[in-house]
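Q: Residue strings, one per chain:
Protein chains: 4
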Amino acid sequence: MTAAFTDLPGLRETLREFARERDWQPFHTPKNLAMAMIVEAAELVEHFQWLTPEQSLTLAPDKLLDVRDEVADTLIYLVELADVLGIDPIAAARDKIAKNAVKYPAPKRGP
Amino acid sequence: MTAAFTDLPGLRETLREFARERDWQPFHTPKNLAMAMIVEAAELVEHFQWLTPEQSLTLAPDKLLDVRDEVADTLIYLVELADVLGIDPIAAARDKIAKNAVKYPAPKRGP
Amino acid sequence: MTAAFTDLPGLRETLREFARERDWQPFHTPKNLAMAMIVEAAELVEHFQWLTPEQSLTLAPDKLLDVRDEVADTLIYLVELADVLGIDPIAAARDKIAKNAVKYPAPKRGP
Amino acid sequence: MTAAFTDLPGLRETLREFARERDWQPFHTPKNLAMAMIVEAAELVEHFQWLTPEQSLTLAPDKLLDVRDEVADTLIYLVELADVLGIDPIAAARDKIAKNAVKYPAPKRGP
Numbered sequence: 001m002t003a004a005f006t007d008l009p010g011l012r013e014t015l016r017e018f019a020r021e022r023d024w025q026p027f028h029t030p031k032n033l034a035m036a037m038i039v040e041a042a043e044l045v046e047h048f049q050w051l052t053p054e055q056s057l058t059l060a061p062d063k064l065l066d067v068r069d070e071v072a073d074t075l076i077y078l079v080e081l082a083d084v085l086g087i088d089p090i091a092a093a094r095d096k097i098a099k100n101a102v103k104y105p106a107p108k109r110g111p
Numbered sequence: 001m002t003a004a005f006t007d008l009p010g011l012r013e014t015l016r017e018f019a020r021e022r023d024w025q026p027f028h029t030p031k032n033l034a035m036a037m038i039v040e041a042a043e044l045v046e047h048f049q050w051l052t053p054e055q056s057l058t059l060a061p062d063k064l065l066d067v068r069d070e071v072a073d074t075l076i077y078l079v080e081l082a083d084v085l086g087i088d089p090i091a092a093a094r095d096k097i098a099k100n101a102v103k104y105p106a107p108k109r110g111p
Numbered sequence: 001m002t003a004a005f006t007d008l009p010g011l012r013e014t015l016r017e018f019a020r021e022r023d024w025q026p027f028h029t030p031k032n033l034a035m036a037m038i039v040e041a042a043e044l045v046e047h048f049q050w051l052t053p054e055q056s057l058t059l060a061p062d063k064l065l066d067v068r069d070e071v072a073d074t075l076i077y078l079v080e081l082a083d084v085l086g087i088d089p090i091a092a093a094r095d096k097i098a099k100n101a102v103k104y105p106a107p108k109r110g111p
Numbered sequence: 001m002t003a004a005f006t007d008l009p010g011l012r013e014t015l016r017e018f019a020r021e022r023d024w025q026p027f028h029t030p031k032n033l034a035m036a037m038i039v040e041a042a043e044l045v046e047h048f049q050w051l052t053p054e055q056s057l058t059l060a061p062d063k064l065l066d067v068r069d070e071v072a073d074t075l076i077y078l079v080e081l082a083d084v085l086g087i088d089p090i091a092a093a094r095d096k097i098a099k100n101a102v103k104y105p106a107p108k109r110g111p
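Residue numbers (the numbering used here), protein chains in the order written: chain A, 1 to 111; chain B, 1 to 111; chain C, 1 to 111; chain D, 1 to 111.
Treat the hints with caution; some may be incorrect.
[Said to hold, decoys possible] Taking lysine-lysine pairs in the DSBU-like style, the calculated list, with each CA pair at most 30 angstroms apart, reads: (1) 99/B to 63/D; (2) 108/C to 96/C; (3) 63/A to 103/B; (4) 103/B to 103/D; (5) 103/C to 63/D; (6) 63/B to 63/D.
Just so you know, the hints here were simulated from the structure itself, not pulled from any lab data.
Using the sequences and the hints given, assemble the complete structure.
A: Shown next, in the form of C-alpha cells:
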C-alpha cells in the first residue's frame, strides 16, 4: 500500500483501503470507533499525567516521538469515525469555530 | 475573524489566531490541551454509550449534528496540541500507518 | 427507594435495585457501562483542565460540590461494571496493590 | 506493607501509606490524579472496544483477570482523587442516587 497522502482526504482514503484490505469494516461502527479513539486519546494523556504544565512543553526527543504516534492514532480513529458518519471534519471545525467566535468574543484591543 | 480554511494547516492558523486574540496561549500547554481533548472525545463517546453498534450507524439528523460538533471540538484540541508540540499530524499519521501496515499485514487475496 | 447504604456492597445492591426498577439491565452490558464510566471520568477531568496543579487543590465550595457529583457518577458506573462482570472491586484493589508493592518497592529509610 | 483492607476506608488508608512511603504525595494533585484515573478508565474501555455488547458479557478467564486489574487501577485513582479533595465517595454516591431517583422516577408497576 502506498501511503503518500498529504491531507485529511488522502488520509481518509488510505484508511478506507487499509480497513477494506483487512476486512475490518464490520468492526468500524461509530460506537466502536469512538471507543478506540478515546483509548488513544488517553494514551496521549498518559504521557502528561505526572508532568507539570511547564514540563509538558519540553518533552525529551524520544518521548516526543511516542507522543507523535499517539497523536497519529487519535487522528486516525477520529477520521475513521467521521468517515463512517459522513462528517467532513474540516467543515465541522469551520462551523464550530464560527459558533465559538460568537460565544467567546475577542476582547477589543486599545488604539 | 475569517475562518475560511479548507485544510488542517488552515485550521491550525485559525486556531492560533483565535487563541492569540483571547490571550489563551498561557493555558495551552500540552498537559492542558490533552485534558481538553479527551474531555471532548468523551462527549463524542457519550452519544453512543447506550446505542447498539448498529444503532450508532443510523443517527437521527439532530443527533448527527451534535456529534459533528463534538468531532470538531476533538479535532480542534488535537490540532492545537500537535501545534504546541511542533507535530505535523498528517506526517505523524503517515508514519504510523506505515508501521501499522507492517504490524498488521493485509491477507493475501485469491486469484 | 431507601438509599441508606454505607459501603460498597450496599451501593452495589442499591444500584441493582435502581436499574431493575427502571428496566435498565438490558443496557448495562460491560461495553456500555465502560463507556458510561469514562464519560463521567471525563466530566471529572473537565473541572481541572485549565487549572494549575496547585489551583486544583483549592477548589471553590460550589465547584467542589460539582466535582463530588462527578466522583459519585464515576464510582456508580465503576461499581455497576464490576458487578455485571462478577468482580469484587475491593479484592481487586487489594491484589493490585500487592502487585504494585513489588513493582514499585518503597525506598529504604535512614536509621 | 500489609494490605488487608476490606472496605473503601481501608483502601484509602493503604493508598495514603503507599504514597507516603514512596514520596509520591507531591504528584498527587487532583489535576494529576484525574488524568491518571481517566487513563486507567480507558484501559478498561480498551478491552471492550471491538466486542459486541453481548460478547462483553462473556469474557475469557484470562481477559477477565486483566479487566479486574483495570477496575482496581481505576478505583485506586478515584479513591486517591476523592481523598485529596476531602470527598467521601460513598456519601457522594448516596447523595447522587437520591438526586437520580428524582430525575429518573421509577415507573409504577401493575398490581
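Q: To test your reading of the hints: which numbers does this structure violate?
A: Violated: hints 4, 6.
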